[in-house]
Amino acid sequence: MSNFFAMGGYGAFIWPAYGVSLLGLLAMIWQSWAAWRAAKKRLAALEEDKR
Amino acid sequence: MFRYANPAIFMRLSGALLPWVSLLAAIALVTGLFLGFRVPPDYQQGMTVTIMFVHVPAAIVAESAYALIAVASIFSLVWRHPLADTAARAAAPLGAMFTALGLITGSLWGRPMWGAYWVWDARLTSFLLLLFLYLGYIALWNAIEDETRAARAAAILALVGAVNLPVIKFSVDWWNTLHQGESILSGQIAPVFLWPLLIMALGYMLLFAALWMVRIRTEIVNRRARSLMQRGEAA
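Protein chains in written order, with our numbering: chain B, 1 to 51; chain C, 1001 to 1235.
What the hints contain is simulated information worked out from the structure, not anything from laboratory work. Some hints could be false.
The calculated label-pair distances, taken between Cβ atoms and stated as ranges, are [to be verified]:
(1) B:L22 x C:V1163: 30 to 36 Å
(2) B:G9 x C:A1139: 28 to 34 Å
(3) B:G19 x C:L1159: 15 to 21 Å
(4) B:G9 x C:S1227: 22 to 28 Å
(5) C:A1143 x B:F4: 32 to 38 Å
(6) B:E48 x C:A1139: 33 to 39 Å
(7) B:A44 x C:A1143: 29 to 35 Å
(8) C:L1194 x B:L26: 22 to 28 Å
(9) C:V1030 x B:A27: 30 to 36 Å
From the structure, some residues in chain C lie toward chain B, with a derived Cβ separation under 7 Å [as the list claims (entries may be wrong)]:
(10) L1108
(11) P1112
(12) T1218
Using N, Cα and C, we set each Cβ at its ideal position, and we do this for glycine too.
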């Protein structure tokens, strides 16, 4: 198992590369989704006012 | 083509596609990761070759997203289609993030293989320029209040910057560089590395497609809200 994490001695470069990629992708997913939810909520509130 | 660019039709179509595209993206990314960590060490690069599975897909999406912005900008400038502006603008923050990921993962690959996190060679410099083009494009959109004028200025910037795309692509052929040359289309990459790479690239592209749709949908909803508010003020 520790062999797997050592990655042939390059773990110190490989794991940060994967970590940063994961964080970057998650940040995009979270931000896009949050903006969508906020936009829907805002439109729903405005349409409610119209009635 | 223009039929699908109608906002109402786009909302319906993207709403139906989105769950499937997201699901396929998740499957591809998990499969790619699973295969990617089972590869043998490369005979020259050892296990650092696994960085390729997050580096190359990020770079491919970064460049493709810019190409999509450039195409949308032509539609925006020539046919003045408002959905083209929305699509172009929605892709930019995603493209910038994928570009940053390409740069960071590349730098973490460069240190053990070249002995340096960064070198000012043609591939790296032109790719850094891509990040600045994205940031400039986003800043220009935000800087101009009037949306029609902002869209035109941003579209022109996007098209001028598109000159950089072939420069990135051919930089490894035109100049001496530390960056390795093209190995996918020329078939120089061993199948054991090619498959995880292709599946990860597919996963990255599908994820980009899903997020792009979400962001275009968000902007369409925001536009509806804005026009409702303006009507409210006028009444």
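Going down the list of hints, with the structure as the test:
1. B:L22 x C:V1163: 30 to 36 Å: 33 Å, holds
2. B:G9 x C:A1139: 28 to 34 Å: Violated, since B:G9 and C:A1139 (Cβ atoms, about 42 Å apart) do not stay within the stated range.
3. B:G19 x C:L1159: 15 to 21 Å: Violated - the Cβ-Cβ distance for B:G19 and C:L1159, about 36 Å, lies outside 15 to 21 Å.
4. B:G9 x C:S1227: 22 to 28 Å: 59 Å, violated
5. C:A1143 x B:F4: 32 to 38 Å: 49 Å, violated
6. B:E48 x C:A1139: 33 to 39 Å: About 35 Å separates the Cβ atoms of B:E48 and C:A1139, which means 33 to 39 Å holds.
7. B:A44 x C:A1143: 29 to 35 Å: Holds, at about 31 Å.
8. C:L1194 x B:L26: 22 to 28 Å: 27 Å, holds
9. C:V1030 x B:A27: 30 to 36 Å: 19 Å, violated
10. L1108: 4 Å, holds
11. P1112: 5 Å, holds
12. T1218: 5 Å, holds
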